[in-house]
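**Student:** Single-letter residue listing:
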Amino acid sequence: MSNGESNIYELHQVRVLRVYDMSNIDKLFLFRFEDPIRARDWRFGPGQFVQVSLLGIGEVPISICSSARRVGFFELCIRNAGRVTSQIHKLKPGDLIGVRGPYGNGFPMDQFYNKDLLLVAAGLGMAPLRSIFLYALDNRWLFGNITIVNSAKYGKELLFQKELEAMKDIATAENIEIIQTVTRDPDFPGLHGRATAHMDKVNVDPNNCAVAMCGPPAMYRGMFEELVKRGFDRRYIFVTLERRMKCGVGKCGHCNIGTATSWKYACKDGPVFDYYDIISVPGLI
Amino acid sequence: MRYVKISRENTYMFLERLKDLGTLHAPQNISEKYYDFVEVDDVHSVIFEYNRTVRPPRRFFYPEKETMFKFNMEEVEEYPVEIQSERVILFGVHSCDIVGLRIIDATFLDEQPDPMYKKHRENGIIIGISCLPDEYCFCNVRRVEIVDAGFDLFFHEISDGFLVRVRSITGHKLIEPNLDLFEEEISKEDTDYIAEFEVKRRSMFSIQGNWDDLRYHLEWNMDHPMYVRESEKCLGCGNCTTTCPTCRCYDVKDIPNLDGKTGERVRFWDSCQFRTHGLVAGGHNFRPTKKDRFFNRYHCKNAYCQEVTTSYCVGCGRCTYFCPAEINFKQNLLEVRGEA
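These protein sequence lines are chains A and B, in that order.
Numbering-wise (our numbering), the first sequence opens with residue 8 and increments by one.
Numbering-wise (our numbering), the second sequence opens with residue -14 and increments by one.
It should be emphasised that the hints constitute simulated quantities derived from the structure, not laboratory data.
Among the clues, some could well be false.
[Said to hold, decoys possible] Cut-off 30 Å, straight-line C-alpha distance, at most; resulting in silico cross-link-like pairs (DSSO-like, lysine-lysine):
1) B:Lys104 <-> B:Lys55
2) A:Lys97 <-> B:Lys246
3) B:Lys55 <-> A:Lys275
4) B:Lys276 <-> A:Lys97
5) B:Lys276 <-> B:Lys50
6) A:Lys275 <-> B:Lys103
[What the hints assert, rightly or not] Under 7 Å between C-beta atoms, here's a sample of chain B residues computed to sit facing chain A:
7) Phe56
8) Val61
9) Glu63
10) Ala91
11) Thr92
12) Leu203
13) Cys234
14) Asp239
15) Leu243
16) Asn287
[Claimed, not checked] From chain B, some residues computed to sit far from chain A (all C-beta separations above 12 Å):
17) Glu(-6)
18) Arg2
19) Leu3
20) Lys4
21) Asn14
22) Pro98
23) Met101
24) Arg187
25) Gln193
26) Asn195
27) Ser256
28) Ala266
29) Lys286
30) Phe307
31) Gln316
Note that CB positions come from ideal geometry on N, CA and C, so glycine has one too.
Please model the entire structure based on the sequences and the hints provided.
**Tutor:** Written out as structure tokens, the structure reads:
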């Protein structure tokens, strides 16, 4: 949480509380700030990210995947994909690391109030969307019907599958539809096919629905087409993008995207962009 | 604005006195052909007429390598390092480079200011100087050939010395104790000289007009054959970005000490022309080809900087002047604009 005069690169100590295996390559970490004041006061919004530092190794941007309403701790779902994340995967409860943030615009939740909510995740995209989903559950009265579509190539890569499965009972009572589907796993006992193939199962009204998506660009393109065809209001379709966010504060230039008429910092102007951003700024997806 | 006048001879005396206020850097010959900002020892080696320095002035406020903090890995503790910053006086800065600094200010001194840049910049004094363009210059079409902000003093050539515009309180404070060197009476002859100088200067630019519409031409011609043809020549050396007065990309590295416990986090200039600039974990690259990286630079430089209301490129000509592959930025842009 930086303000004008604090050092934007300053790290804050967080302690690992719990580590859960999510898949062969993904782990879920629970963290708490060591400074009790910071633990109490630190806030973030769904769709925002933090910079996680392992001193001596480096820093990586990671989306927060816990509910913004649950304070005192936060959760990160981290894939073992590179030099820093492979070392993060070695962390154990009790270990200390450094964090700064939160960064990014996040999803404009106040625009989502009194609307149905359609959340569409592919692969690791489930991590930031879980943050909105849990936020919506914690503020259930602010939203209409909710559908969450969680997709992955293989059943073993379906993140938070068990958590969502366990919620199905209460979900029915709360007008929440949970759809979990895989695209390349014939042995998976549940649904098959891409998110677009399950749009008849959603419980949301296209005329009054906010859509939040996180996944690869190909998924966005397919979903845009499907959503427009079904009459969803384009103004309330949002996606979140991945780029190389080194500084998180719109300075280092690695996450720059766009063209000369629309030059963006994904970390500061995004990572959440709406449908009209996507069709106005070449190169976003 | 306040104007004062100084003779050439007195300018050397003024430079001598400036040396007492901090480290004075000014354009000097570093070889037969090239100039750079060099710390002034003998004031008579300062060059008043030069085309461009090899390195733009940003390095005085945004060094190519800087320690962000030191750390202890075992304690997971961060130790702030005191930002080493001394008063730097830059004499002889061209208008393009003054705007270049303002463009970096727009990014580094925003609502989340970069603490190191801020400190260095607060310790800087900028003294501009008028100039005449060579064939590489195109600051005129970038609308930055005359500056109204971003300097403390600005020296305009007149027949027997310089007419000086005083822009800031710091500028006034530089003049006041040295009034023995300056004249406060400005004649019609002096302002006429400047007006004529500007007419002559305007006529010397190899292109005329206004490039505010260029960013649209670039967007309307995103698959212009220029990108493929020119990026094939590109060596990917990053000279264009290193010498650019508005480039500000940096990368960050943790450098552990041999004790295995302590170390420091260092940030250093990066270049979007390097393959690693868009490379992320898992081997994915957001700008995998040379053409992608070339396109990125052309669009970044021609984008609109809201705070300064100009493009990010100030038309200094360095990226072309120092390109070992002789890629001509100005010519390539003219081609996309349909004027080559």
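**Student:** Please go over all the hints and tell whether each is borne out by the structure.
**Tutor:** Hint check results:
1. The hinted pair formed by B:Lys104 and B:Lys55 meets the criterion: a straight-line CA distance of about 18 Å does not exceed 30 Å.
2. A distance of roughly 18 Å separates the Cα atoms of A:Lys97 and B:Lys246; the hinted pair therefore holds under the 30 Å criterion.
3. A hinted pair counts as satisfied when its Cα atoms are at most 30 Å apart, and B:Lys55 with A:Lys275 qualifies at roughly 26 Å.
4. About 38 Å separates the Cα atoms of B:Lys276 and A:Lys97, which puts this hinted pair outside 30 Å; it is violated.
5. For the given pair, B:Lys276 sits about 28 Å from B:Lys50 by alpha-carbon distance, which is consistent with the 30 Å threshold.
6. For the hint pairing A:Lys275 with B:Lys103, the CA-to-CA distance comes to about 20 Å; that is within 30 Å, so the pair holds.
7. The restraint placing B:Phe56 at the interface with chain A holds, with a minimum CB-CB distance near 4 Å, inside the 7 Å limit.
8. Taking 7 Å as the C-beta contact cut-off toward chain A, the hint placing B:Val61 at the interface holds, the least distance being around 4 Å.
9. Hint status for B:Glu63 relative to chain A: holds, with the closest Cβ pair at about 5 Å, below 7 Å.
10. For B:Ala91, the shortest C-beta to C-beta distance to chain A is roughly 10 Å, which exceeds 7 Å, and the interface hint is violated.
11. Because the beta carbon of B:Thr92 sits about 6 Å from the nearest beta carbon in chain A, less than 7 Å, this interface hint is met.
12. Checking B:Leu203 against chain A by beta carbon gives a least distance of about 4 Å; that is within 7 Å, so the hint holds.
13. Given hint, B:Cys234 at the interface with chain A, holds; its Cβ is 3 Å from that chain's nearest Cβ, closer than 7 Å.
14. For B:Asp239, the interface hint holds, since its Cβ comes within 7 Å of a Cβ in chain A; the closest pair sits about 5 Å apart.
15. Annotation: interface hint on B:Leu243 violated; nearest CB of chain A at approximately 12 Å, more than 7 Å.
16. Taking 7 Å as the C-beta cut-off, the interface hint given for B:Asn287 holds, the closest approach to chain A being about 4 Å.
17. Separation of B:Glu(-6) from chain A is adequate, the least Cβ-Cβ distance of about 44 Å exceeding the 12 Å criterion.
18. Annotated as non-interface, B:Arg2 keeps its C-beta farther than 12 Å from every C-beta of chain A; the closest such distance is 34 Å.
19. Even its closest Cβ contact with chain A, about 31 Å, leaves B:Leu3 beyond 12 Å, as expected for a residue assigned away from the interface.
20. For B:Lys4, the requirement that its beta carbon stay farther than 12 Å from each beta carbon of chain A is met, with the minimum near 33 Å.
21. The claim that B:Asn14 is not at the interface with chain A holds, since no C-beta of that chain comes within 12 Å of its own (minimum 33 Å).
22. The beta carbon of B:Pro98 is not kept farther than 12 Å from every beta carbon of chain A, the shortest such distance being approximately 7 Å.
23. At roughly 9 Å, the least C-beta separation between B:Met101 and chain A is not larger than 12 Å, which violates its mark as non-interface.
24. Distance to chain A confirms B:Arg187 as a non-interface residue, since its nearest Cβ pair spans about 26 Å, more than 12 Å.
25. Residue-level check passed: B:Gln193 sits 21 Å from the nearest beta carbon of chain A, beyond 12 Å.
26. Chain A leaves B:Asn195 outside its interface by the beta-carbon criterion, the shortest separation being 15 Å against a cut-off of 12 Å.
27. Listed as outside the interface, B:Ser256 is inconsistent with that label: its C-beta sits roughly 9 Å from the nearest C-beta of chain A, within the 12 Å cut-off.
28. Non-interface call for B:Ala266 relative to chain A: violated, since the shortest CB-CB distance, roughly 3 Å, does not exceed 12 Å.
29. Not every CB of chain A lies more than 12 Å from the CB of B:Lys286, the least distance being 8 Å, so the non-interface label is violated.
30. With a closest Cβ-Cβ approach of about 20 Å to chain A, B:Phe307 is found to remain outside the 12 Å limit, as its non-interface label requires.
31. Every CB of chain A is more than 12 Å from the CB of B:Gln316 (nearest about 17 Å), matching its label as outside the interface.
Checked against the numbered hints above, the structure violates hints 4, 10, 15, 22, 23, 27, 28 and 29; every other hint is satisfied.
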